[in-house]
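Chain residues, written in single-letter form:
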Amino acid sequence: MLSISEIFEIFGHTFMMRAMVVGLLVSLCAALLGVNLVLKRYAMIGTGLSHVGFAVMAIAGIIDVAPLTLSLPVVMVTAFILLRLNDSNKINGDSAVALISTSGIAVGVIVVALTTGINLHICNVMFGSIFAMTQADMYFSVVLSIVVIGLFVLFYKQLFAVTYDENFAKATGVKVEIYKSLLAILTAVTVVLGMRMMGALLIASLTLFPALSAMRICKRFLSVVIAAAIIGVVCFFIGMMFSVALDIPPGATVVGVNLIVFMVFSGISLVIRGGTK
Amino acid sequence: MAIITCKQAAFAYDGITVIDGLNFEVNNGDYLCIVGENGSGKSTLMKGILGLMRPKSGEITMNEGLLSTQIGYLPQQNSAQKNFPASVTEVVLSGRLNSRGILPFYSKADRKIAHDNMEKLGILPLRKKSFRELSGGQQQRVLLGRALCATKNALLLDEPAAGLDPLVTRELYGTIKSLSADMGITIIMISHDIQAAVEYASHILHLKNKQLFFGTTEDYTQTKTGKLFLGAAEENDVIN
Numbered sequence: 001m002l003s004i005s006e007i008f009e010i011f012g013h014t015f016m017m018r019a020m021v022v023g024l025l026v027s028l029c030a031a032l033l034g035v036n037l038v039l040k041r042y043a044m045i046g047t048g049l050s051h052v053g054f055a056v057m058a059i060a061g062i063i064d065v066a067p068l069t070l071s072l073p074v075v076m077v078t079a080f081i082l083l084r085l086n087d088s089n090k091i092n093g094d095s096a097v098a099l100i101s102t103s104g105i106a107v108g109v110i111v112v113a114l115t116t117g118i119n120l121h122i123c124n125v126m127f128g129s130i131f132a133m134t135q136a137d138m139y140f141s142v143v144l145s146i147v148v149i150g151l152f153v154l155f156y157k158q159l160f161a162v163t164y165d166e167n168f169a170k171a172t173g174v175k176v177e178i179y180k181s182l183l184a185i186l187t188a189v190t191v192v193l194g195m196r197m198m199g200a201l202l203i204a205s206l207t208l209f210p211a212l213s214a215m216r217i218c219k220r221f222l223s224v225v226i227a228a229a230i231i232g233v234v235c236f237f238i239g240m241m242f243s244v245a246l247d248i249p250p251g252a253t254v255v256g257v258n259l260i261v262f263m264v265f266s267g268i269s270l271v272i273r274g275g276t277k
Numbered sequence: 001m002a003i004i005t006c007k008q009a010a011f012a013y014d015g016i017t018v019i020d021g022l023n024f025e026v027n028n029g030d031y032l033c034i035v036g037e038n039g040s041g042k043s044t045l046m047k048g049i050l051g052l053m054r055p056k057s058g059e060i061t062m063n064e065g066l067l068s069t070q071i072g073y074l075p076q077q078n079s080a081q082k083n084f085p086a087s088v089t090e091v092v093l094s095g096r097l098n099s100r101g102i103l104p105f106y107s108k109a110d111r112k113i114a115h116d117n118m119e120k121l122g123i124l125p126l127r128k129k130s131f132r133e134l135s136g137g138q139q140q141r142v143l144l145g146r147a148l149c150a151t152k153n154a155l156l157l158d159e160p161a162a163g164l165d166p167l168v169t170r171e172l173y174g175t176i177k178s179l180s181a182d183m184g185i186t187i188i189m190i191s192h193d194i195q196a197a198v199e200y201a202s203h204i205l206h207l208k209n210k211q212l213f214f215g216t217t218e219d220y221t222q223t224k225t226g227k228l229f230l231g232a233a234e235e236n237d238v239i240n
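Going line by line, the protein sequences match chains A and B. Each residue of the first sequence is one higher than the one before, counting from 1 in the working numbering. Each residue of the second sequence is one higher than the one before, counting from 1 in the working numbering.
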């Protein structure tokens, strides 16, 4: 366990500053989009995307391509496919998503086993390597995060309408497919950016936990969105502090903090509901 | 003036015809009830009117004054909405989306329209409440408010009274009738409730995978089909 002054010293380093800037922005993106994903029952899409992202990252590491340049387009295309699968009634949508998601892991593991074997690179892809960020990575992530947040705010009311009642929106002439695709693309970008810090196995939780926690205590959509954003950012910050202080992996620690917040909020909501009845 | 005209239209799912021989027109200010048993093609026709489904043959045309962005729609509720965290204002305001288009946020004018519609429907005191905390009747009023925000001309309602108790049902029908009478809004309603349909509607469209009857309510009650269906409904009431 480090002392407070030692923690602050670490936070002064460049690698830590980069991690915090990107981490906070990506947490914010994930929390905002997560509200729509959870309410639209698209929660599994985040998981599916990150697992496919794992396969792509594994391949990128081997053919020596910058991970972001390869994974961004591939994960975006996957997002489109998952969206179609999730909405289709002909085949079991959720099974199809689970299928793609586990296949992603399998392909990734096979590629790794045939080439380098399980090494540090693969561990980093699975569980995150937030401190290994270059300056270019940081700028790229910051710009993309700001684009995601900007588009979310600009199309907030469309995303609400499509999430709340797709049939009504469609019937009154709203181009539902465009906004659903927008949601999928924004999610894909967020997942790709977030994989770096949280790892392929944990990034989806950044979209789910803040929204679910916020929904325990908030009744209006806007307050759920705002609360989720605050929870996402605060949990990331606290998680990073613990991660540094206890020298445990940041991704898992952030998820751990989110889990505790979720349990506390669930408790509060039980008490409130119990009190009113 | 006819705002919707249906000529020899047929609708099919995966090549299987659900309903055909549709010939009717809806005039501005009409109150049309579409009646028929389960699976008779009512909801399919509604999709056709909303432009979500194209007719397999024949045609269904909208008057120029009635674009899809000017139709108010009250769909049947789905289970996901029951637990959706949204305030009454947020739900009602979302009906303005089709007229707001691509512009970000809602304007003051949009908020005023939402406010006025909530007042009209008596749900203004509920505006800050969460939709999921409301009773079934209140929820339908909120969704009706949203539909009104989307239109000045025509409302399409898909079994608005499903799951409501008789008293609340009568109140809701009364409200819909007054929208038709006071504001001149064209009403097209799918209904199981044939008694109420005959009481409130100006026109009846009776379906059973084809068009059994279309005309004024008065004429309908004189036809064999109408008498049978009304009689059957009464018998059911006695049994119930």
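Simulated from the structure, these hints should not be mistaken for lab results. From a predicted model like this one, the values you see are computed outputs, not experimental measurements. One thing to keep in mind: the hints can contain errors.
[To be verified] Within a straight-line C-alpha distance of at most 25 Å, the following computed DSS-like cross-link-like pairs (lysine-lysine) qualify:
{"id": "1", "chain 1": "B", "residue 1": "82", "chain 2": "B", "residue 2": "108"}
{"id": "2", "chain 1": "B", "residue 1": "177", "chain 2": "B", "residue 2": "227"}
{"id": "3", "chain 1": "B", "residue 1": "47", "chain 2": "A", "residue 2": "40"}
{"id": "4", "chain 1": "B", "residue 1": "152", "chain 2": "B", "residue 2": "56"}
{"id": "5", "chain 1": "B", "residue 1": "108", "chain 2": "B", "residue 2": "128"}
{"id": "6", "chain 1": "B", "residue 1": "210", "chain 2": "B", "residue 2": "7"}
{"id": "7", "chain 1": "A", "residue 1": "175", "chain 2": "B", "residue 2": "152"}
{"id": "8", "chain 1": "A", "residue 1": "40", "chain 2": "B", "residue 2": "129"}
{"id": "9", "chain 1": "B", "residue 1": "82", "chain 2": "A", "residue 2": "219"}
{"id": "10", "chain 1": "B", "residue 1": "129", "chain 2": "B", "residue 2": "112"}
{"id": "11", "chain 1": "B", "residue 1": "47", "chain 2": "B", "residue 2": "227"}
{"id": "12", "chain 1": "B", "residue 1": "224", "chain 2": "B", "residue 2": "208"}
{"id": "13", "chain 1": "B", "residue 1": "227", "chain 2": "B", "residue 2": "56"}
{"id": "14", "chain 1": "B", "residue 1": "210", "chain 2": "B", "residue 2": "227"}
{"id": "15", "chain 1": "B", "residue 1": "224", "chain 2": "B", "residue 2": "47"}
{"id": "16", "chain 1": "A", "residue 1": "157", "chain 2": "B", "residue 2": "82"}
{"id": "17", "chain 1": "B", "residue 1": "128", "chain 2": "A", "residue 2": "219"}
{"id": "18", "chain 1": "A", "residue 1": "175", "chain 2": "B", "residue 2": "47"}
{"id": "19", "chain 1": "B", "residue 1": "120", "chain 2": "A", "residue 2": "157"}
{"id": "20", "chain 1": "B", "residue 1": "128", "chain 2": "B", "residue 2": "47"}
{"id": "21", "chain 1": "A", "residue 1": "157", "chain 2": "B", "residue 2": "108"}
{"id": "22", "chain 1": "A", "residue 1": "157", "chain 2": "B", "residue 2": "152"}
{"id": "23", "chain 1": "B", "residue 1": "208", "chain 2": "B", "residue 2": "120"}
{"id": "24", "chain 1": "B", "residue 1": "208", "chain 2": "A", "residue 2": "175"}
{"id": "25", "chain 1": "A", "residue 1": "219", "chain 2": "B", "residue 2": "56"}
{"id": "26", "chain 1": "B", "residue 1": "112", "chain 2": "A", "residue 2": "157"}
{"id": "27", "chain 1": "A", "residue 1": "157", "chain 2": "B", "residue 2": "129"}
{"id": "28", "chain 1": "B", "residue 1": "7", "chain 2": "A", "residue 2": "219"}
{"id": "29", "chain 1": "B", "residue 1": "128", "chain 2": "A", "residue 2": "40"}
[Unchecked claim] Here are the simulated distance ranges between beta carbons:
{"id": "30", "chain 1": "B", "residue 1": "14", "chain 2": "A", "residue 2": "66", "range": "30 to 36 Å"}
{"id": "31", "chain 1": "A", "residue 1": "8", "chain 2": "B", "residue 2": "125", "range": "47 to 53 Å"}
{"id": "32", "chain 1": "B", "residue 1": "125", "chain 2": "A", "residue 2": "151", "range": "31 to 37 Å"}
{"id": "33", "chain 1": "A", "residue 1": "103", "chain 2": "B", "residue 2": "15", "range": "32 to 38 Å"}
{"id": "34", "chain 1": "B", "residue 1": "78", "chain 2": "A", "residue 2": "103", "range": "27 to 33 Å"}
{"id": "35", "chain 1": "B", "residue 1": "109", "chain 2": "A", "residue 2": "245", "range": "52 to 58 Å"}
{"id": "36", "chain 1": "B", "residue 1": "221", "chain 2": "A", "residue 2": "150", "range": "56 to 62 Å"}
{"id": "37", "chain 1": "A", "residue 1": "62", "chain 2": "B", "residue 2": "83", "range": "19 to 25 Å"}
{"id": "38", "chain 1": "A", "residue 1": "92", "chain 2": "B", "residue 2": "181", "range": "44 to 50 Å"}
{"id": "39", "chain 1": "B", "residue 1": "59", "chain 2": "A", "residue 2": "146", "range": "47 to 53 Å"}
{"id": "40", "chain 1": "B", "residue 1": "209", "chain 2": "A", "residue 2": "94", "range": "47 to 53 Å"}
Each residue gets a CB set at the ideal place from its N, CA and C atoms; glycine is no exception.
Which of the stated hints cannot be reconciled with the structure, identified by number in ascending sequence? The structure breaks hints 1, 4, 11, 13, 15, 20, 23, 24, 25, 28, 30, 37 and 40; every other hint is satisfied.
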